[in-house]
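All chains, full assembly: derive it from the sequences and hints.
Given next are the chains, with one letter for each unit.
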Amino acid sequence: MIELHGVYKTYRVGDEPLTVLHGVDLRIEEGEFVSIMGPSGSGKSTLMHIIGCLDTPSVGEYRLRGTLVSNLSARELAVLRNRMIGFVFQNFHLLPRITAVRNVELPLLYAGVGRAERRARALDLLARVGMADRAQHLPTALSGGQKQRVAIARALANDPALILADEPTGALDQRTGLEIIHLLRDLHHAGRTIVVITHDPTVAAAADRTIYIVDGQIRREEVRRR
Amino acid sequence: MNAWEMINMALISLRTNKLRSFLTMLGILIGVASIIAIVAIGNGGKAAVLGAIASGSAQNTIQIVPRELVAPGLPQPGQVLAIDESDLAIAASFSGVQQVNYTLYGTAVVSSGNRSDNASIEAGPANLNELTRLRIISGHMFSQADVIGHRDVAVLSQSLANKLFGSGNPIGGLVNVSGVPLQIVGVAVSQETSLFSLFMGSDALYMPATTCQDLFPNWSVSEMDVQAAPGANVQSLAQRIVTALNIHAGDATAFADSSGLASSVGALLSKVTTILTLVIGAIAGIALLVGGVGVMNIMLVSVTERTQEIGIRISLGATRTVILLQFLVESATITAIGGLAGVVIGCFIGLGIRITTGIPASVPWPVALISFLFSAAIGVICGLYPANKAARLNPIEALRYE
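These protein sequence lines are chains L and X, in that order. Position 62, counted from 1, in the first sequence is what the UniProt record's numbering calls 62; the numbers after and before it change by one each time, with no gaps. Position 192, counted from 1, in the second sequence is what the UniProt record's numbering calls 192; the numbers after and before it change by one each time, with no gaps.
For the record, the hints were derived by calculation from the structure and aren't laboratory data. Possibly wrong hints are sitting among the right ones.
Claimed, not checked - Some chain X residues near chain L, calculated using beta-carbon distances under 8 Å:
1. GLU309
2. ILE312
3. ALA318
4. VAL322
5. PRO395
Note that the Cβ used here is the ideal one computed from N, Cα and C, for glycine as well.
See the structure below:
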C-alpha cells in the first residue's frame, strides 16, 4: 500500500541545504495499523507530509497503492489527498466558522458530491463517531475530544484507503486521548490502513507495528502480536 | 464544485465577518450610487432643457422674425424691423404651408377697477397657447372666430390675474387696455422660461392679433408663424421662405428662422450637459476605483488571516484552482452586492430629485446594468492578486501558520 525507497528530503534554509530525511525505506501493507515514533526534529513530520502527499521527496520513490507520487502535479496530488488520504491533526484543524457537519462535508464538496448526498453522508459519518447530536454545533462549542471525533469523521468522508494521524491525542487529556485511540482501533478492525505519528509511547503501543525514526533514518521496528 | 456552491461558500464566509464585509462594500456602493445619481440628474437636466426648447417652437411651426430681434442691438438704417402684409403673402404662397399667422409683442397698462399693472402683451393666432407653450388652467383659449371677428377678448397669465382680481374669479370679468374693455375668457400659466418670457416677465395678457392691431395700430408685427402642412419638410421649407423674404426685402440677412435659433441653443446646452455629466461621472469613477483598492486591501488581509484555513482546505483536497476561485468569487460577491445596492440607492436618489425638483431624472437600464457588471469586474480584478497569493501558499507552512 505504501512503499518508500531511498527517500531523501532536503530543504533550503537560507543558503544552507538542510537534509531532513536520509534514505528512508518503508513498506506498509493494506489494513495495517502502524505508528511512527521519534523525538522532535527526527524528520517524522516530514515523513508524514510525504506519505500524506502534501510534499514530494527530493530523491527516491514513493508509491501509494502503486501510483508513483513523486511524478505527480500539484493538481493530481490534490485529487490524491482528497480521495485516498484522511488527515487527523493534533490541533484538529476544523474550520472554526462553519458547523461540524459542514466541516465533514468539505472533502465531499471538493470531490464534487452533490448537496443532498453530501449532507446525508456527513450526518452518517458524524453518527458513526458518536457526534450525531452535535452536527449543527460550531467547533468552538465542542470539547477537544468532540472536535477530534468530528475531525476523524471528516477524515473518513471520501472513504479513503489511508488514515494519517499526526499526534492525534497531543492536545487531549489522557482519558479522551484513550477514547480517540479506541476509535482509531475500531477503524483499523473495520479494515482501514492507519498510520499514526506520535512521540507518546502509549499511543504507539496501540499499533500493530511501531517504526522508530531518529535523525531522518529508520533505526528499528517493533512488531506486536495480538 | 459548481458556481452556486462557490457563491454559497463565499456568502457564508462574508456573513461570518459582517461588519468588515459591509465596510468593504461601502466603497463600491458609494461609487456606483453616485455614478447612477449623476447620470440620472444629467439625463433629467438634458431632457428638461431639450423639452423646454422643443416646446418653445410648436411642432410644424416655423417662427420667422426680423434679424433685429434675433441679435439684439441698435437697428441699422434701412433695416427691416417689421413684417408687413406682402411678407405674409409671400410665405402663404409656398406649397406645404397650411396657414400663416403673425404675432405682436408689446407692453401696456392693464387695469381693472382701481387696480392696474404694466403687463406684456402677446397677441397672435388662436394657437398662441401652443406657440408660446401656455397651459390654460381655467376658462379657455380665445378661438379662431375671435381672431377673425376682431373680438375684444383676452387670456391673462395667472400672476396678472392675481394682481388684478386677487382671489376672485376673473373669468367673464373685464380688463381695460388702452381704453377698451376686454372680456377675460381664460387664465394661463407659462410652462417654460422661454427667451421672450424671460425678458418680458410673467405678467402677461394674451389676445387675438387682430384685436391688438385695432388697439395699437402703430405696433409692428414682430413674428410670423408659418404653419407647415402635415408631412412637409419643415426645415427646407423654413429655409426657402426665409430666402424668399430676404430677396423681397433686398437684404440677405433681413429675416431669420427663430425656431432654428432655439434648436441650435438646445444642441449647445445638450452638449454642455453631456460634458458636465461625463466630467462628474469620471470623478465618481475615481471613487469607484478607490473602493476597488479597498476591496483588494481587505482581501489581502483576509488571505493572511485565513492562511491556516487555506492550508486545511488544501490538505482536504482543494486544488489551487478551487482556492483561487474561492477568493475571486468572494471579492466579486462583495463588489457585486455593493454594486447592486449602489444601483438601487442611486435610483432612489434620482427618484428623490425627480419628486423634489421636478427634473425628469431617469436611469437608462444599460447604465444600471453596466455599473453593476463593472463593479463585479472590479471585484474580480482586485481579487486576482490576493486570490493568487492564497492559491500559491505552501500547504505545510499554511497548516503550521498560527
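Verification of the supplied hints:
1. GLU309: 6 Å, holds
2. ILE312: Where the cut-off is 8 Å and the nearest Cβ of chain L is about 5 Å from ILE312 of chain X, the hint holds.
3. ALA318: 5 Å, holds
4. VAL322: 7 Å, holds
5. PRO395: 5 Å, holds
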